[in-house]
Amino acid sequence: MTSATINYETMEQKPITTALAVRNLSVFFGTNQVLKSVSLDIAPRAVTAIIGPSGCGKSTFLRALNRMHELNPDARMTGEIQLFGDDIYARTVEPVVVRRRVGMVFQKSNPFPTMTISENVTVGLRLNGVRDKKLLAERTEQSLRMAALWDEVKDRLNTAAISLSGGQQQRLCIARALAVQPEVLLMDEPASALDPLATSKIEDLILDLKKSYTIVIVTHNMQQAARASDFTAFFYLGELVEFGTTTKIFTSPSQKRTEDYVTGRFG
Amino acid sequence: MIAANHKARQIKDVLMQVGACVCAILVVAPLVLIFYHLIKLGFSSINWEFFTQLPKAVGETGGGMGNAIVGTFILLGQAAIIGVPVGVLGGVFLSEYGTPKFNWWLRFAADILNGVPSIVWGLVVYGLVVIPMHGFSALAGGIVLGLMMIPLVMRTTEEVLHLVPAGYREAALALGVSKWKTVLQIVVRTALKGIVTGVLLAIARVSGETAPLLFTALGNNTWAQNLKQPIAALPLQIFNYAMSPYDDWHRQAWAAALVLLLLVLFINIGVRFLTRDRWKSKV
Amino acid sequence: MENNSEVSLEMLKQKLLTMASHAETAVNEALQALQTRDTDLALRVKEKDRVIDYLEVEIDDLVIQLLTRAPLASNLRLVTIAMKISQDLERIGDEATKIAKRARDLAEEPPVKIVLDLPRMARLALDMLKDALDAFVNRDSAAARAVIPRDKEVDALNKHIHNLLAQHMVEHTDTIARCLHLMVVSKSLERIADHATNVAEDVVYLCEAQDIRHTGMKSQPVLA
Numbered sequence: 001m002t003s004a005t006i007n008y009e010t011m012e013q014k015p016i017t018t019a020l021a022v023r024n025l026s027v028f029f030g031t032n033q034v035l036k037s038v039s040l041d042i043a044p045r046a047v048t049a050i051i052g053p054s055g056c057g058k059s060t061f062l063r064a065l066n067r068m069h070e071l072n073p074d075a076r077m078t079g080e081i082q083l084f085g086d087d088i089y090a091r092t093v094e095p096v097v098v099r100r101r102v103g104m105v106f107q108k109s110n111p112f113p114t115m116t117i118s119e120n121v122t123v124g125l126r127l128n129g130v131r132d133k134k135l136l137a138e139r140t141e142q143s144l145r146m147a148a149l150w151d152e153v154k155d156r157l158n159t160a161a162i163s164l165s166g167g168q169q170q171r172l173c174i175a176r177a178l179a180v181q182p183e184v185l186l187m188d189e190p191a192s193a194l195d196p197l198a199t200s201k202i203e204d205l206i207l208d209l210k211k212s213y214t215i216v217i218v219t220h221n222m223q224q225a226a227r228a229s230d231f232t233a234f235f236y237l238g239e240l241v242e243f244g245t246t247t248k249i250f251t252s253p254s255q256k257r258t259e260d261y262v263t264g265r266f267g
Numbered sequence: 268m269i270a271a272n273h274k275a276r277q278i279k280d281v282l283m284q285v286g287a288c289v290c291a292i293l294v295v296a297p298l299v300l301i302f303y304h305l306i307k308l309g310f311s312s313i314n315w316e317f318f319t320q321l322p323k324a325v326g327e328t329g330g331g332m333g334n335a336i337v338g339t340f341i342l343l344g345q346a347a348i349i350g351v352p353v354g355v356l357g358g359v360f361l362s363e364y365g366t367p368k369f370n371w372w373l374r375f376a377a378d379i380l381n382g383v384p385s386i387v388w389g390l391v392v393y394g395l396v397v398i399p400m401h402g403f404s405a406l407a408g409g410i411v412l413g414l415m416m417i418p419l420v421m422r423t424t425e426e427v428l429h430l431v432p433a434g435y436r437e438a439a440l441a442l443g444v445s446k447w448k449t450v451l452q453i454v455v456r457t458a459l460k461g462i463v464t465g466v467l468l469a470i471a472r473v474s475g476e477t478a479p480l481l482f483t484a485l486g487n488n489t490w491a492q493n494l495k496q497p498i499a500a501l502p503l504q505i506f507n508y509a510m511s512p513y514d515d516w517h518r519q520a521w522a523a524a525l526v527l528l529l530l531v532l533f534i535n536i537g538v539r540f541l542t543r544d545r546w547k548s549k550v
Numbered sequence: 551m552e553n554n555s556e557v558s559l560e561m562l563k564q565k566l567l568t569m570a571s572h573a574e575t576a577v578n579e580a581l582q583a584l585q586t587r588d589t590d591l592a593l594r595v596k597e598k599d600r601v602i603d604y605l606e607v608e609i610d611d612l613v614i615q616l617l618t619r620a621p622l623a624s625n626l627r628l629v630t631i632a633m634k635i636s637q638d639l640e641r642i643g644d645e646a647t648k649i650a651k652r653a654r655d656l657a658e659e660p661p662v663k664i665v666l667d668l669p670r671m672a673r674l675a676l677d678m679l680k681d682a683l684d685a686f687v688n689r690d691s692a693a694a695r696a697v698i699p700r701d702k703e704v705d706a707l708n709k710h711i712h713n714l715l716a717q718h719m720v721e722h723t724d725t726i727a728r729c730l731h732l733m734v735v736s737k738s739l740e741r742i743a744d745h746a747t748n749v750a751e752d753v754v755y756l757c758e759a760q761d762i763r764h765t766g767m768k769s770q771p772v773l774a
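Protein chains in written order, with my numbering: chain V, 1 to 267; chain E, 268 to 550; chain X, 551 to 774.
In short, the hints are calculated from the structure, not lab data. Do not take every clue at face value.
[Stated by the list, open to error] With a straight-line Cα cutoff of 25 Å, these simulated SDA-like cross-link-like pairs (lysine to any residue) come out: (1) Lys448/E - Lys256/V; (2) Lys108/V - Trp447/E; (3) Lys368/E - Glu70/V; (4) Lys448/E - Phe84/V; (5) Lys368/E - Asp74/V; (6) Lys460/E - Thr116/V; (7) Lys446/E - His69/V; (8) Lys248/V - Ala706/X; (9) Lys446/E - Arg101/V; (10) Lys446/E - Lys256/V; (11) Lys448/E - Asn72/V; (12) Lys256/V - Arg670/X; (13) Lys248/V - Arg619/X; (14) Lys446/E - Lys36/V; (15) Lys36/V - Phe84/V; (16) Lys108/V - Gly382/E; (17) Lys323/E - Val299/E.
[Said to hold, decoys possible] Pulled a few chain V residues facing chain X out of the computed Cβ check, cut under 8 Å: (18) Pro113; (19) Leu127; (20) Met222; (21) Gln223; (22) Phe250; (23) Thr251; (24) Ser252; (25) Glu259; (26) Thr263; (27) Gly264.
[Claimed, not checked] Non-contacting residues of chain V with respect to chain X, defined by C-beta distances greater than 12 Å in every case (computed): (28) Arg23; (29) Asn24; (30) Ala225; (31) Ser254.
None of the values given here were measured: they were computed from a predicted structure. By construction, the Cβ of each residue, glycine as well, lies at the ideal position given by its N, Cα and C atoms.
So here's chain V without its partners, still in its complex pose:
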């Protein structure tokens, strides 16, 4: 299943390679099947939103993309996920390596409390053996700029990370994830704990970041999905019900369940 971009002037279609190709992904926690044979193509340099009511499996799906669901000892999966052609669940592949290529930002911002701002940004690099001070400093500035935080903190890089406001802390976590230069960035309801102003800053940031990164964002806020994403996938009870361009999903979905969810008739 490939997606295509359409140039409306020349009306030509160009197929694009897939960032993450998910095939028949099923995830079990013990005997409970949380995801049922999901197949999906995540397009590169675009934002894909995952929506659905609580308990539909969207967070589990997100975590399966960087093998974070394995933190639960009862977790088991079948199916295949390819990251730019590489099978991330192959026997020879370590989860640690996958997570360096596929980063994650969480719902509640969690900068490490014992570290300063710059230490937080570079923690992923330092704990993986990078010692070069010059490189670390460069990467700190670069990541903070990309996270739209540099101007606000450039004079206090050595102060405690937890002295920042909620919205700033979340952007710091984004910078921290970007510092290891992942190819894909996963975001699990990144703005749900923030006030509207901070939320819109995060959304602007996402639209900026997609020029360089592939982004997958789980959100329960449909207006946010409509504002910030290019493609949307609707999950319900562990199944992928519908996947398409965001415009289509929110103006004229094909499936009745999608229509019902999007117009607020349930969930």
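Fit chains E and X to the given chain V structure using the hints.
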């Protein structure tokens, strides 16, 4: 009708407040009494001689407890060397590794050990160390105190590590950091203050243990030359001097008790100081 | 159980239907005033147009309110076409007013001796409007699509009446003023049919999410 209830409620309110006050006083009173007594009876005997001199021979007045004070520190030092690494690593294992079933048994074992009477510990180490070594020793004393510290430190470390929010572990793992580095550099580092607190409190606990030392360190009237010899310790000296018929020794026992209590007090103050809130975070 | 937003959407639909019913009545009464030369009726049509205008404002206000709730999918389509339909209905009301005005003018002079099938034209236009609105209520896309080609018939009829009147004006120059009034009436009816066609196109968009305006694909449904 409501007015009457109001009056009744007010009375109950006052009674509760008075009751709570009385309880608070009852709790604090023993501490106040202990300090009062110790200071009254022991303070006069605390002088430079007390801290530096050796005990004089039976019958002679004067002398000090220099060796006992040093001995206590030597014993606590050994105990820390044994108790801290094993206890902390054990706590880390309980919190971050293992399986739920195995950890349940491990925790159960630790809790039982925490409840073992200290004299039993003394006897066990007597059999395991003193007899093979053909003699009482500072080493045996250090070993028994260390063994007593292990389950204590293990449980407090585990409790503190559990308080570290899962979010930090997840964030570190999501950055592609391996598990052991996450545990060490992120989780333990975040909980460090709490772990140190637990260690210090365990040390304060074992500093006053007397019964185990009776069977291991035994006591000594001079400076200990090496760890294979018996060694003096404050609790032992207090025990011996208090049981003796000499007034001078009684006074010195009071002084030693005061010193021991001050040691515990300073450790607790140290803990408060360490755990103070240095950074104000905007939530 | 209906939630608040469904109640508001229901209210929107009801207002549109109310407005449509007023517009239909206006056209019927205007035609009647023309045929029976009833100047009082014609005057009443003109006054009642205010109600239609007022309803347009109410509906647009309601639409803005609903938009602040960021409706999606079919609700979004409903809300956006509601604005358009209300505009078309308001124009229909205006055309009815025009017809009524010409009816008053014609009633002041003796009738022209010519047979014109204006009632039939009115019937065709009003049927188109009714069918389009029924399709709206029933969310029937096929019925809406069926309305659209009927506009041709009305256009043809308008042309025919226009020619007849033009001929008459040449032969009987004293009737020129009155014939011109009748031409305007015919043109108004033709415009009413156009507005009914717009409503039908909007209903197709609502049901199928297909915008079939200006594409010439009006007779083939495209599956979504």
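Against the structure, the hints:
1. Taken as a hint, the Lys448/E and Lys256/V pair is broken in the structure, with Cα atoms around 48 Å apart against an allowance of 25 Å.
2. Simply put, Lys108/V and Trp447/E have alpha-carbon atoms about 24 Å apart, close enough for the 25 Å limit, and the pair holds.
3. About 19 Å separates the Cα atoms of Lys368/E and Glu70/V, which keeps this hinted pair within 25 Å; it holds.
4. The suggested pairing of Lys448/E with Phe84/V is violated, with an alpha-carbon distance near 28 Å, which exceeds 25 Å.
5. At most 25 Å may separate the alpha-carbon atoms for a hinted pair to count; Lys368/E and Asp74/V meet this at roughly 14 Å.
6. Proximity of Lys460/E to Thr116/V is assessed by CA-CA distance (about 17 Å); at most 25 Å being required, the pair is judged to hold.
7. For the given pair, Lys446/E sits about 15 Å from His69/V by alpha-carbon distance, which is consistent with the 25 Å threshold.
8. A hinted pair counts as satisfied when its Cα atoms are at most 25 Å apart, and Lys248/V with Ala706/X does not qualify at roughly 39 Å.
9. Between Lys446/E and Arg101/V the alpha-carbon distance is near 17 Å, which keeps this suggested pair within the 25 Å criterion.
10. Between the alpha carbons of Lys446/E and Lys256/V the distance comes to roughly 44 Å, so the proposed pair goes past 25 Å and is violated.
11. Restraint check for Lys448/E and Asn72/V: satisfied, since their Cα atoms lie roughly 19 Å apart, inside the 25 Å limit.
12. Between the alpha carbons of Lys256/V and Arg670/X the distance comes to roughly 42 Å, so the proposed pair goes past 25 Å and is violated.
13. This hinted pair checks out: Lys248/V and Arg619/X have alpha carbons roughly 19 Å apart, not beyond 25 Å.
14. Note on Lys446/E and Lys36/V: the hinted pairing is violated, with a Cα-Cα distance of about 29 Å set against a maximum of 25 Å.
15. Between the alpha carbons of Lys36/V and Phe84/V the distance comes to roughly 23 Å, so the proposed pair stays at or under 25 Å and holds.
16. Restraint check: the Cα-Cα separation between Lys108/V and Gly382/E comes to about 40 Å, which exceeds 25 Å; the hinted pair is violated.
17. At most 25 Å may separate the alpha-carbon atoms for a hinted pair to count; Lys323/E and Val299/E exceed this at roughly 32 Å.
18. Look at Pro113/V: its Cβ only gets to about 37 Å from chain X, farther than 8 Å, so that hint breaks.
19. Given the 8 Å rule on beta carbons, the hint for Leu127/V is violated: about 43 Å separates it from the nearest Cβ of chain X.
20. With a cut of 8 Å, the hint placing Met222/V at the interface with chain X holds, because the nearest CB-to-CB distance is about 6 Å.
21. Taking 8 Å as the C-beta contact cut-off toward chain X, the hint placing Gln223/V at the interface holds, the least distance being around 5 Å.
22. For Phe250/V, the shortest C-beta to C-beta distance to chain X is roughly 5 Å, which falls under 8 Å, so the interface hint holds.
23. For Thr251/V, the interface hint holds, the least distance from its beta-carbon to any beta-carbon of chain X being 6 Å, beneath 8 Å.
24. The interface hint given for Ser252/V holds, since its Cβ lies 3 Å from the closest Cβ of chain X, which is under the 8 Å cut-off.
25. Hint status for Glu259/V relative to chain X: holds, with the closest Cβ pair at about 5 Å, below 8 Å.
26. A distance limit of 8 Å between C-beta atoms decides the matter here; for Thr263/V the minimum to chain X is near 5 Å, and the interface restraint holds.
27. Hint status for Gly264/V relative to chain X: holds, with the closest Cβ pair at about 6 Å, below 8 Å.
28. With a cut of 12 Å on Cβ distances, Arg23/V stays outside the contact zone with chain X, its closest approach being about 27 Å.
29. Once the 12 Å rule is applied to beta carbons, Asn24/V is consistent with being away from chain X; the minimum gap is 27 Å.
30. Listed as outside the interface, Ala225/V is inconsistent with that label: its C-beta sits roughly 10 Å from the nearest C-beta of chain X, within the 12 Å cut-off.
31. Annotated as non-interface, Ser254/V brings its C-beta within 12 Å of a C-beta of chain X; the closest such distance is 7 Å.
Checked against the numbered hints given earlier, this structure breaks hints 1, 4, 8, 10, 12, 14, 16, 17, 18, 19, 30, 31; the rest are met.
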